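J.: Protein chains in written order, with this note's numbering: chain A, 410 to 891; chain B, 3 to 336.
If you're looking for bench data, these hints aren't it; they were derived computationally from the structure.
These numbers were taken from a predicted model, which means no experiment stands behind them.
Hints may contain errors.
Partial pick of chain A residues on the chain B-facing surface, computed with a CB cut under 8 Å [what the hints assert, rightly or not]:
(1) Glu422
(2) Trp534
(3) Gly793
C-beta atoms are modelled at their ideal positions from N, C-alpha and C, and glycine is treated no differently.
Letter by letter, the chains look like this.
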Amino acid sequence: MSRRIIGPFNRVEGDLAITLDTEDGRVRAAYVNSPMYRGFEQILVGKNPLDALVYVPRICGICSVAQSAAAAQALATGMGLQAPQNGRLAANLTLAAENLADHLSHFYLFFMPDFAREGYRNRPWFTDAEARFKAVCGSASADMLPVRARFMNIMGYLAGKWPHTLAVQPGGSSRPLEMAEKLRLKLLLAEFRSFLENTLFGDKLAAVAALDSEAALMAWMEPRMHRADFPRFLNIARDLELQRVGRATDRFISYGAYTAESTALFAAGLWSECKLHNLDIGAIREDVARSWMAGDSALAPDVGLTLPQPDKQDAYSWCKAPRLAGQVVETGALARQMVAGHPLLRDLVGRHGASVTARVVARMLELALVLPAMESWLHQIQPGAPFCLPVGDIEEMRCVGLIEAARGALGHWLDVRQGKIVNYQIIAPTTWNFSPRDEAGEPGALEQALVGLEVDENENSAPLAVQHVVRSFDPCMVCTVH
Amino acid sequence: MSNTAPLNLLWLQSGGCGGCTLSLLNADCRNLFQTLKDAGINLLWHPSLSEQSADEARNIIDACAAGELQLDILCLEGAVLKGNHGAFHRTQNGEAMMNLIERLTKVARHTVAIGSCAAFGGMTAGGCNPTDACGLQYDGDVQGGLLGEDYRATAGLPVINIAGCPTHPNWVIETFAALAAGDIREENLDALRRPRMYADHLVHHGCTRNEFYEFKASAHKPSDLGCLMENMGCKGTQVHADCNIRLWNGEGSCVRGGYACIACTEPGFEEPGHPFGQTPKIAGIPIGLPTDMPKAWFVALASLSKSATPKRVRENAVSDHQVITPASKRTRLK
Chain A
410 MSRRIIGPFN RVEGDLAITL DTEDGRVRAA YVNSPMYRGF EQILVGKNPL
460 DALVYVPRIC GICSVAQSAA AAQALATGMG LQAPQNGRLA ANLTLAAENL
510 ADHLSHFYLF FMPDFAREGY RNRPWFTDAE ARFKAVCGSA SADMLPVRAR
560 FMNIMGYLAG KWPHTLAVQP GGSSRPLEMA EKLRLKLLLA EFRSFLENTL
610 FGDKLAAVAA LDSEAALMAW MEPRMHRADF PRFLNIARDL ELQRVGRATD
660 RFISYGAYTA ESTALFAAGL WSECKLHNLD IGAIREDVAR SWMAGDSALA
710 PDVGLTLPQP DKQDAYSWCK APRLAGQVVE TGALARQMVA GHPLLRDLVG
760 RHGASVTARV VARMLELALV LPAMESWLHQ IQPGAPFCLP VGDIEEMRCV
810 GLIEAARGAL GHWLDVRQGK IVNYQIIAPT TWNFSPRDEA GEPGALEQAL
860 VGLEVDENEN SAPLAVQHVV RSFDPCMVCT VH
Chain B
3 MSNTAPLNLL WLQSGGCGGC TLSLLNADCR NLFQTLKDAG INLLWHPSLS
53 EQSADEARNI IDACAAGELQ LDILCLEGAV LKGNHGAFHR TQNGEAMMNL
103 IERLTKVARH TVAIGSCAAF GGMTAGGCNP TDACGLQYDG DVQGGLLGED
153 YRATAGLPVI NIAGCPTHPN WVIETFAALA AGDIREENLD ALRRPRMYAD
203 HLVHHGCTRN EFYEFKASAH KPSDLGCLME NMGCKGTQVH ADCNIRLWNG
253 EGSCVRGGYA CIACTEPGFE EPGHPFGQTP KIAGIPIGLP TDMPKAWFVA
303 LASLSKSATP KRVRENAVSD HQVITPASKR TRLK
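Chain A extracted, bound-state conformation (with noise of 0.2 Å):
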């Protein structure tokens, strides 16, 4: 057996390490160490509650949005406060735009470069793939970049600025929109529309949504795999087998998605098993034997701690073990598709487990049926009419705020008394997807994921399968441990 360190680990947001134990050619045993630590979690600890708003967003500046979304939902639902419809759907919109720019950033930016390395140079379709998605210089981000700097204008006009606003608020939204602003936003999305069914796509937003079964879908690839991107990637993952790649333990959380509607656009639950369950919140601890953090046993976060201990025996990460009544599960995209129920991911994953393909499907799956969404969205905004509620003085809360950050589950937890926070703990996607081991030693998603691929000993670099199956799973090192 022989034992790799790889690090760092680029083209994900934040820092990582992996170590790898092979044997025989595979690998035997994965350990994910997060290796930074800021203690947002301590920076909070005395804070106007308020306050919360500002530092939270500044954990991470891929979800920052998400991390204000929380934290304003916690605060709101502490107080009792029901923000106008303009708001709400405000708030919709933002999260989108942030959700949406973060699935196209990961697809072209983060995850398809790896598929211009040299070590495909004999695949039939390197030559394409090469001269397309090559870091820095390939075409695709010449393309894509102009493109998402223009969609995140939305947060022009509907947050003032991105990453890091205060426009999202308990109460709403301190960002009126008039008439012609609204107008301009909807010509924005249309921009970006023509985008996605031009050049990721090569077909209507419609048909995408629509694809409902793998066969369906590789169908629907042949005629479109060298003109547009989404298919260009389902034919390398065809011809590399990655649907049959990176499974962890296909257990799936989602808090739900998008709630200014009477129902959430992609409904909260568990998948395991092969059914839908209720998502119980209360089962949820979090497990620190293998962290650097003190603490004997696994706490609810309502009452969590977060005090590190850097010289701790036998942990290897910045990052806590979240468990759902004592089981690993993954979050995410594909997580949040499962639970909604669509009938592509179901069938994926019914076939082969997750995957990498899965994973990515699911993230191009959520452009397709996102976009018509906030169509929709914006349409209802009602220049004159109220975005935002006053917010009185909090003296006494315990409250909770859980969304869906592109990359998954996203929770805080506040505990405030005498107008001061006193515990603020937070649960982001890839603390539960990028786990240590717990206590019982059971490994984390992604460290289950890796388990068993097939990697060249020899070889200096990265292996990229494991490249692959890290960076399906979109990882957010900054929120990781925050």
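The hints should help you fit chain B onto chain A, whose structure is shown.
T.: For chain B alone, coordinates are given in the frame of chain A:
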């Protein structure tokens, strides 16, 4: 000075959120990578954007540190985490990140702090500062930080602080372009070593709430149209940055987004000593007066302008849309 060979740029991240990189991707240009080239920059490695991972990336970093690869611009995004001998951020081989950063700053021709965390400590140094976070050459507004006040990069400049939380993409791109053109000297940096290109302006310049400011017609809750200075914690009249001259994400800025300027380009902004959304006052008068404005004049003008406030301005200030529109009148020159 004429342009010569492109400058090799290495970008590292430590105690921050990655938001300055994400903000850079918002740059309003046809292709950011081409723009960097056009600015005279050769990107050696960036943690979010480059192909090289693990050993390949490490080889680039090590070659820079060893002087085998010329390091013209070292960028750090995020604070330096000094606590516990650097245990809060270690590289994959166990070296404290702060040590690696320090080694690289010794060979770098220019050292650039990207964002307020790398410049001053920023948000990561907030609260009890659990990781003993500081900036490259500042700890808050005190010179020193990781490198000490006497540090100079090999080309002779101190650390250039592109402060902001996050930084505006153009502040970063223009600083790179100026370095590549040999156009930054010490006198082009302000007292906090921020490029004067953006730091010689106040956030107040170009604020669209100017009419409300003139009359001290003030907002009372988020989404009100009025001036945010009197009640909502806005520091735009004191804070150095051109946020309302060169906008964010197309047509945005904090105050245009309906919320206060919280002074994110200034050291110590993370601990203002009052709730961010409330203006601290003594006897009803904001403590933080506009920059260069004598207090007596401010009080006198504020009280006069309040009593002169037109009904339209007064009522619109506390509404989320114009309830009274400006009167039409003939404006031809007489």
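J.: Going through the earlier hints one by one, which of them does the structure break, listed in rising order?
T.: Of the numbered hints, just 2 does not hold.
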